[in-house]
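The listed protein sequences derive, respectively, from chains E, R and S.
The opening residue of the first sequence carries number 572 in the working numbering; numbering runs sequentially from there.
The opening residue of the second sequence carries number 572 in the working numbering; numbering runs sequentially from there.
The opening residue of the third sequence carries number 572 in the working numbering; numbering runs sequentially from there.
Read the hints as simulated data drawn from the structure, not as lab findings.
Since we're looking at a predicted model, the values are computed, not measured.
Careful: at least some of the hints might be erroneous.
If chains are identical, the list can't say which one is meant, so a pair holds when it fits in one copy or spans any two.
Think about it this way: if two alpha-carbon atoms lie no more than 25 Å apart in a straight line, the pair counts; the simulated SDA-like pairs of lysine to any residue are [said to hold, decoys possible]:
| id | residue 1 | residue 2 |
| --- | --- | --- |
| 1 | K885 | Q977 |
| 2 | K1014 | S575 |
| 3 | K606 | L802 |
| 4 | K606 | D788 |
| 5 | K606 | S947 |
| 6 | K864 | E628 |
| 7 | K1015 | D804 |
| 8 | K864 | Y789 |
| 9 | K885 | D868 |
| 10 | K606 | L616 |
| 11 | K782 | Q977 |
| 12 | K782 | D580 |
| 13 | K1014 | E1025 |
| 14 | K1014 | S578 |
| 15 | K796 | I768 |
| 16 | K921 | D1033 |
| 17 | K921 | E976 |
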Amino acid sequence: MTRSLISIDDLSTDEIEAIFELADRFLDEMATPGKPYRVRGRRSLARDFILSTLFYEPSTRTRLSFESAMHRLGGQVISSAEGASSSASKGETIADTVRVVENYADLIVIRHAHEGAAMVAADYTDLPVINAGDGGHEHPTQTLCDLYTLRATRKQKNKGKDLSFNDVTIELRGDLKHGRTVHSLVYALARFGARIIPSPAPGCELPSHVKQRLARDYHCFLLRKQEIDDLSDDDRNSEDFPEFVYVTPKEPHQRTLWTGAEANVWFRLSLDQRKSLREMKTVDLIYATRFQKERHDSSSEDDAAEDYPAIDAKMLNEKRYRQTQVMHPLPRVDELSYEIDQDPRGVYFKQAAYGVPVRMALVAALLELFPSLLKSSVAPRHEFFSNVEGIRCVNARCVTREENEQRYLSPKFAIVDETPLTLRCAYCDLEYEPSIVSRYSNKKYTDDLSEWREIYERTPQDLVLFVSEQEAIDAGHQRRHGKKRSAAQKVAATPTAK
Amino acid sequence: MTRSLISIDDLSTDEIEAIFELADRFLDEMATPGKPYRVRGRRSLARDFILSTLFYEPSTRTRLSFESAMHRLGGQVISSAEGASSSASKGETIADTVRVVENYADLIVIRHAHEGAAMVAADYTDLPVINAGDGGHEHPTQTLCDLYTLRATRKQKNKGKDLSFNDVTIELRGDLKHGRTVHSLVYALARFGARIIPSPAPGCELPSHVKQRLARDYHCFLLRKQEIDDLSDDDRNSEDFPEFVYVTPKEPHQRTLWTGAEANVWFRLSLDQRKSLREMKTVDLIYATRFQKERHDSSSEDDAAEDYPAIDAKMLNEKRYRQTQVMHPLPRVDELSYEIDQDPRGVYFKQAAYGVPVRMALVAALLELFPSLLKSSVAPRHEFFSNVEGIRCVNARCVTREENEQRYLSPKFAIVDETPLTLRCAYCDLEYEPSIVSRYSNKKYTDDLSEWREIYERTPQDLVLFVSEQEAIDAGHQRRHGKKRSAAQKVAATPTAK
Amino acid sequence: MTRSLISIDDLSTDEIEAIFELADRFLDEMATPGKPYRVRGRRSLARDFILSTLFYEPSTRTRLSFESAMHRLGGQVISSAEGASSSASKGETIADTVRVVENYADLIVIRHAHEGAAMVAADYTDLPVINAGDGGHEHPTQTLCDLYTLRATRKQKNKGKDLSFNDVTIELRGDLKHGRTVHSLVYALARFGARIIPSPAPGCELPSHVKQRLARDYHCFLLRKQEIDDLSDDDRNSEDFPEFVYVTPKEPHQRTLWTGAEANVWFRLSLDQRKSLREMKTVDLIYATRFQKERHDSSSEDDAAEDYPAIDAKMLNEKRYRQTQVMHPLPRVDELSYEIDQDPRGVYFKQAAYGVPVRMALVAALLELFPSLLKSSVAPRHEFFSNVEGIRCVNARCVTREENEQRYLSPKFAIVDETPLTLRCAYCDLEYEPSIVSRYSNKKYTDDLSEWREIYERTPQDLVLFVSEQEAIDAGHQRRHGKKRSAAQKVAATPTAK
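Take the sequences, apply the hints, and build the full model.
Listed below in structure tokens is the structure:
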């Protein structure tokens, strides 16, 4: 079984740890004196292998980083540096491209403007695929570099090598909406228990689907300062204390009282967590990102530009940032002053340097150069609907909406909740609550949602779901008479595309 | 003597066979279990060599395929992925580029928008040159992959490894006009005796010059159903029997009665061929190609799009396609349904996979890594006129028409017939029948064509040919008075640029 | 200490000689029989190293030449072939790019449209940096190839291997204004004592700052035919004798009478030099260059095109060119006829071939594969002002004027003369004579230039210089009353930006 890295969730915590230990080993053996973060020289481990980069979006950093990693491992590289100069301009689909390129290489690294594109690639090839960025969705190898940098920082402080970051407070600054590095990072941070303080630019807040995934998959919730009972009044009124924070309870049972609606978050904090919230007045790490201009429309650009959160020497002199490490996935524009370059708290160039040993370790793992490093597979968190009829993802950047790819690609959803039935697009993470059930065989629809599971289990090919009556009617289905729905069902059935 | 591959005709049948046997050997030694068509690992054969790709047109597939092949052989690659980012944008000619790059590499792979560009490259460098596509002209390495795939298919059926395809019926679908892969392929198929059924989209018929070369060089003629005496009336009236077919008689003397005008084709079929024509009701192979949008003007696009022949599951269920293999050089657009991807008759991804072992073998052969594999040279089929005055190729896509290249490049023609004198552009294959002869020394022209050979043999630099009187006059030549021409000569001398 | 090659002056004469001897060795060991100028095969010297090319401007020749050299040395290459497909399009600065890429490679080769860009790269990385062309400024590796070709030519004539070119007369033709290869070359030729005859196209004369650097740094002056007293009247009136010539006196004291204003150049020629000037009626080398279209505006293009100096067979038949070698950095357009390609005097393809052994030797030297080859550093010719306030370079193509780079980049000047104070932009070589001195601490300016040295030595951070009063006023400085300046000082203080 071939393993791929499409979402940061595709690696278990143990596997991430194993990859980091291998990266440590590469650095121990290959780094030059005085620069313990930089790999030099060349091994023969991957001598027999070819890595192919397929970059449909411009990139220097990530592509060169992978190419360097592959060369340091002793392997070869074939590169397609930009979609414009490739078969893409003749209209070739992702599925066709990877089914051709799999004959030329041993591993594919793909970057693409459409969300879910890397997953499509992985679905259609028997080679390992690495997602080097799919639209505004995820960028998991950047997250590996980020986590490794964070871990290395802590290692230096003699706090060990482990990935339990539940004593860490991280402030995310800038474009949390379209920053794919941010999305992969928050999933990892939530999983490892860190406290996350969002500081978005206006119009650049974390998207709903990211918050939903944070809550559902990692039990990581947004708390508002005014809602935290355990805080002292001083803390609650302090300017130093953040207005919002995402926290992950240590034990799942702690979320029993959570109601699901963000405005009314409440849950019982453990004694430890009460202490830990007080520590949030100091920030351990700022993770800054540039405005993702290429993914915004021009009007939102003006709003964001006016009040984009910038980091400079003055800000780092504030009390709560005195011990703060500054990370940035680069490239930067104006959000991170060059003043910080000489400041030991600015670790973004080291973060870039760590890209090589981390990617070497990842490539070595996926090529099975160290066979016991990865398990044969990681169980998916959720059950999948495939070939589901009716419902379609409405995200214009989702790969399933792309005309070329629709020649072969069907929608695919994860069942992330059953009451109410909630589906998440397997490609781009947007969530939907279908309110209408129908049968392919007789095209009679009902809003009695309770029927879906029965149909799905007996005759899955017969199940058709819609998010609204109108869509069912447009698709030629007719209301089934008879069964009435309860008032409660009516409320739950309100069409929602978050 | 360096060998190059510009036209599929540059390799003898024995040499193609030897290349295929070497490809077999690479697959035997390097393919992974379960995927006998895919090369893995790395040899050290080409350790000391550098392959240079010069791609003036966009490409992923072909370039990466060559790069992979070179890496699997242990060699290195330097690539110029697109003309726009190269010296071409500073106005550099092909001749200059190759005379520089020959110092940087050991073999040049070139793709270019102008027909004949690869031949120019080969003429100006002492390195081996491989034509990876020159405009709508030829793409011989794709043809090697196609033939190898066809041969592999037959090998599986225990029909041996040989290249005599005279029991094979192949239907060519799509854009036969600008599909360079089609052109190289039909020359090879004609040479190996296959029956070719053209199924072009409207406006995408095989060009005249391809048909002329098929007839002249391989004795492969178009037969119309109604003209085949040996067919039964049933066959002749059957919808299953193709309207047109190109067939190659086994022995040259069989074409004695051929008159040369397509509309009146007639020749005596051998007993074998009569049988074999009846077998054409079933097709062994469909070779489909996409519409070559970039080489058509926009008006012809609309015509072709309306009735472009598409392959889907329904069509493959027709009786005559039940045993048909489907090949496609890829990328595809809409002419080949994704339904076929799972059908064992669809072999197009294997065809792509074979690109690596076949190109490895070709590169190894041209680099003389197996010295006895290729002969020192292959004799040209025709005598060449070089430095011929007067006549010029009128094909706007011919490399000799390109303003930059005209700084050094002269027209060059093969003498493909003497009665009437017929010249074929050595670069792009268009044929011309000059009707006017003149002398450089006195600029007096005549339409007595019989004089050309005499002048050519005594004082070749004095020979000037034109396709019309007007051209002679425009070039400052004057009619020579005296000699009258016969009525028969008048007919032969009608200007023709097919 | 890491060494870089930004200007041809960064290598001492001994070091250039050592690099050439290493190139000789590579050719001796690796060239194929019959082609002593072309490297073949592969060494393992740089097995552990990665070269990164960062090409922000289109290039085939130079990039492929470096890549080939690195592969022949056994190393690996990672390439960013064009700025458009890189982080540059996201607004990344040169400093950030190199501080990231230094973690991926062992040596950086950079080409950029801005003058001084390569110096910025070298200032911000601890890797060796090679300037592969920075705007219209310098292209020192081309100069190494040019010198090596010239030396090889002379070596064939049994004149030894040395670099003393004081018996050589070189005619520079074409675009001397924006031809960066010309600029690096004239500095080297001046240093080695050659006589240089400029033959620019109209509007393409050597820029003032190049002439100033020739005079100041190499004591190489422009002489007009009429000003050379010692010539016979015959010589002076001869059409064969060039109108202008740059000559380098053998001994520094010979320039004692030079007044600094071009129009009045005069100095005492030694007896040797008088003889040598007479030899100029024959030219040893023509160095031709194409019109650098991309650096001119469209109006100057028309002027230059009309009378661009072209080289053809007829010209080379003139008496003074009978023994002339023709070099050209390529690509050519119309300035060098294809007729010369077969002429043994045309050495431009050999010149391209020598690019590989010379770049191999340079890369090997900078990577310290032969540790004793380069010294740890070369002393700069001039003292530098850094962080100087007030004065700014006005060259629109200078990297210090680029908005993005100004986020971190400050002007930097070399003090090239003290009477009058003359500053040369460290990035692009333009010279300035400040006429106003002020203090940062009190913003009171004076035109008494004599104060600058005192301030600079005591409190350098307090020194502010302007080229005009208006600039001082615009920057918020006020005239300091009291001290009057002499008439002589008034003249010297006239604002000058040559």
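How the hints compare with the structure:
Taking the shortest alpha-carbon separations for K885 and Q977, only the inter-copy value of 20 Å comes in at or below 25 Å, while the best intra-copy value is 51 Å. For the homomeric pair K1014 and S575, neither the shortest alpha-carbon distance inside one copy (39 Å) nor that between copies (63 Å) is at most 25 Å. In this assembly of identical chains, K606 and L802 lie within 25 Å of each other by CA distance neither inside one copy nor across copies; the values are 44 Å within and 63 Å between. Taking the shortest alpha-carbon separations for K606 and D788, neither the intra-copy value of 38 Å nor the inter-copy value of 38 Å comes in at or below 25 Å.
With identical chains, the CA atoms of K606 and S947 are at most 25 Å apart between copies only, with a shortest distance of 20 Å across copies and 35 Å within one. In the homo-oligomer, the alpha carbons of K864 and E628 lie at most 25 Å apart both inside one protomer (14 Å) and across protomers (24 Å), since each shortest distance falls under that limit. In this assembly of identical chains, the alpha carbons of K1015 and D804 never lie at most 25 Å apart, being 58 Å within a copy and 54 Å across copies at closest. Taking CA atoms no more than 25 Å apart as the test, K864 paired with Y789 passes in neither setting, with 29 Å inside one copy and 49 Å between copies.
For a Cα distance limit of 25 Å, the shortest separation of K885 from D868 qualifies neither inside one copy, at 32 Å, nor across copies, at 44 Å. When the C-alpha separation of K606 and L616 is checked against a cutoff of 25 Å, the pair qualifies both within a copy, at 23 Å, and between copies, at 23 Å. Taking CA atoms no more than 25 Å apart as the test, K782 paired with Q977 passes in neither setting, with 28 Å inside one copy and 38 Å between copies. In the homo-oligomer, the alpha carbons of K782 and D580 lie at most 25 Å apart inside one protomer (15 Å), although the nearest pairing across protomers, at 58 Å, exceeds that limit.
Taking the shortest alpha-carbon separations for K1014 and E1025, only the intra-copy value of 16 Å comes in at or below 25 Å, while the best inter-copy value is 84 Å. Proximity of K1014 and S578 under a CA criterion of 25 Å is satisfied in neither setting, with 36 Å inside one chain copy and 58 Å between copies. Taking CA atoms no more than 25 Å apart as the test, K796 paired with I768 passes inside one copy only; the shortest distance there is 11 Å, against 77 Å between copies. For the identical chains of this complex, K921 and D1033 are neighbours neither inside a copy (54 Å) nor across copies (35 Å), given an alpha-carbon limit of 25 Å.
Within a single copy, K921 and E976 get their C-alpha atoms only as close as 39 Å, which misses the 25 Å cut-off; across copies the closest is 22 Å, which meets it.
Checked against the numbered hints given earlier, this structure breaks hints 2, 3, 4, 7, 8, 9, 11, 14 and 16; the rest are met.
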